[in-house]
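Asks: Since the structure of chain A is provided, determine the placement of chain B on it from the hints.
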Amino acid sequence: MPSLGTWLAAFFTLCMLSFLYKDNPFFRIAESFFAGLSLGYYIGIVANQTLKPNLVLPLADNFSANWHLLFAGGLGVMLYFRYIKRVAWVSRWALAVYVGYYVGVNMMQKLHGEVLPQVGDTMLSLSWSGIGTLWNVVMVVGVLSVLIYFYFSAEHKGAVGGISRVGIWFLMVSFGAAFGYTVMGRISLLIGRMVFLVNEWARPLIGLIT
Amino acid sequence: MNLERIMQIDRRIVYLFVAAGTILPIVFVIGLPVSITPPVQMAFDRMEDLDPGDVIMVSFDYGPSSAPENAPMADAALRHCFSKGIRVIVIALYPLGGLSEAVNELNKVVAEFPDLEYGVDYVNLGYKDGAQAAMRKMNENIHEVFPTDVRGTPISEIPLMREVRTYADLELCFSLATGIIGEWWANLVNAQFGLPVIVGPTAVSAPKYYAYLEAKQMAGLLGGLKGASEYERLVLDKYPDLERVYATPGLYTATKGMDVQSIVHLIMIAFILFGNVVYFTGKRRPRKAA
Chain A
1 MPSLGTWLAA
11 FFTLCMLSFL
21 YKDNPFFRIA
31 ESFFAGLSLG
41 YYIGIVANQT
51 LKPNLVLPLA
61 DNFSANWHLL
71 FAGGLGVMLY
81 FRYIKRVAWV
91 SRWALAVYVG
101 YYVGVNMMQK
111 LHGEVLPQVG
121 DTMLSLSWSG
131 IGTLWNVVMV
141 VGVLSVLIYF
151 YFSAEHKGAV
161 GGISRVGIWF
171 LMVSFGAAFG
181 YTVMGRISLL
191 IGRMVFLVNE
201 WARPLIGLIT
Chain B
1001 MNLERIMQID
1011 RRIVYLFVAA
1021 GTILPIVFVI
1031 GLPVSITPPV
1041 QMAFDRMEDL
1051 DPGDVIMVSF
1061 DYGPSSAPEN
1071 APMADAALRH
1081 CFSKGIRVIV
1091 IALYPLGGLS
1101 EAVNELNKVV
1111 AEFPDLEYGV
1121 DYVNLGYKDG
1131 AQAAMRKMNE
1141 NIHEVFPTDV
1151 RGTPISEIPL
1161 MREVRTYADL
1171 ELCFSLATGI
1181 IGEWWANLVN
1191 AQFGLPVIVG
1201 PTAVSAPKYY
1211 AYLEAKQMAG
1221 LLGGLKGASE
1231 YERLVLDKYP
1241 DLERVYATPG
1251 LYTATKGMDV
1261 QSIVHLIMIA
1271 FILFGNVVYF
1281 TGKRRPRKAA
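From first to last, the protein sequence lines stand for chains A and B. Anchor point for the first sequence: position 184 equals 184 in the working numbering, and the numbering is continuous, going up by one each time. Count along the second sequence from 1, add 1000, and you get the number used in the working numbering.
Excised from the complex, chain A in its bound form:
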């Protein structure tokens, strides 16, 4: 006999799948449960796995060595001031620190981790050294033509128009690959739910009945 947890999971899975027939109250209920549970889980996990070991326990165990953590904790608390109208401006200070930190991190990350390595990887040798050179040509032509397609300071006519049309073909191929992968991903999720329904819910149930 499937456990209560399995029954609940099966019920909510079927509720979600019922949307394929048409929108209905069971789907709405399951959707609301999912949103509520996700939020509750997130709050619990951040409190237990981040706030407790990284803030509360260090302050409680050795305050003099860890007092600087109060600044980080204080910034977090300041974010909630936005719910009090008179002092809502305080939250902007915390938000400014938060945004400033991530802008700084992302600027270096994008430059160092994406722009430079990717540009470097596109600087390929076009002198003939075997069949691999053809791929280098495809890569260089693809990158340049797509860049021209997104260059809007010149009208897409004549040579610019022709190159940008080549860019469209490269984009279409990449969209096709992305869409194919997306279909595969979505079917994988369906497989996961169906495996659960068949192996963990239906099979024990049928075994019980027969």
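Because the hints were derived from the structure by calculation, they are not lab data. There's no promise every hint is true.
To be verified - With a Cα cut of at most 27 Å, we get these calculated BS3-like pairs of lysine-lysine:
1. B:Lys1084 <-> B:Lys1216
2. B:Lys1108 <-> B:Lys1084
3. B:Lys1108 <-> B:Lys1238
4. A:Lys52 <-> B:Lys1137
5. B:Lys1216 <-> B:Lys1238
6. A:Lys110 <-> B:Lys1108
7. B:Lys1084 <-> B:Lys1208
8. A:Lys110 <-> B:Lys1208
9. A:Lys110 <-> B:Lys1137
10. B:Lys1137 <-> B:Lys1216
11. B:Lys1137 <-> B:Lys1208
Replies: Coordinates of chain B only, in the frame set by chain A:
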């Protein structure tokens, strides 16, 4: 045959075909062959290059919403590590269920290797919020990011963690990822700190990872369920003892999932061809009449 009626076919009939194509191969396993692609072979070879006793980090950067794709990758990667004697530090950076997945998959795989000792051969450091900040800070001090493990044990009391303080003490990071966290391992941790990275992303995000792989910012790539099935195949071929695990009745594996995937793809291709044939046949008729 009335083409108009065929063109107006209820989409729910298509769903029924897809449902049948999904359920039947789950009940009656087909066992279609798995071909290996270079990105997965690269990942496997990089792992094989490690020596027994080396330490790697396995980051659970996905939740239950993409578990059917990522969980088989995680299982195969952990089984590969434990079969080869590689020590594993597990972390979770995905907020919605990353930790649950880490605990569940680790417990499942560890149970298959009774000789493993917690804290010596593997450790679960749990979840940390603010993935990007945590990933940066781990380059300076992993102990400050994870002062305790998932059970609340101080990190200084864990024998494995006494040897590991920064990325420099790790050989590699294997990220099972949904969303952008996997990308950060490539464009932040690999690019700035030089730690070799293998990423197993969901199929939806797999195409953009090829750019990182081509630029050698990743040591390997497992794209979606297909990548997971290839990795499973490679691990099974190298470590045939694991057959005892993968032959467990009712166990969900990527290889079994790919049977379903192939059948459903055939159904979809058939419907696309059918729809196009009916559409173009219908389009030609009025012209003939005119």
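Asks: Hint numbers the structure violates, sorted upward?
Replies: Violated hints (numbers, rising): 6 and 7; every other hint is consistent with the structure.
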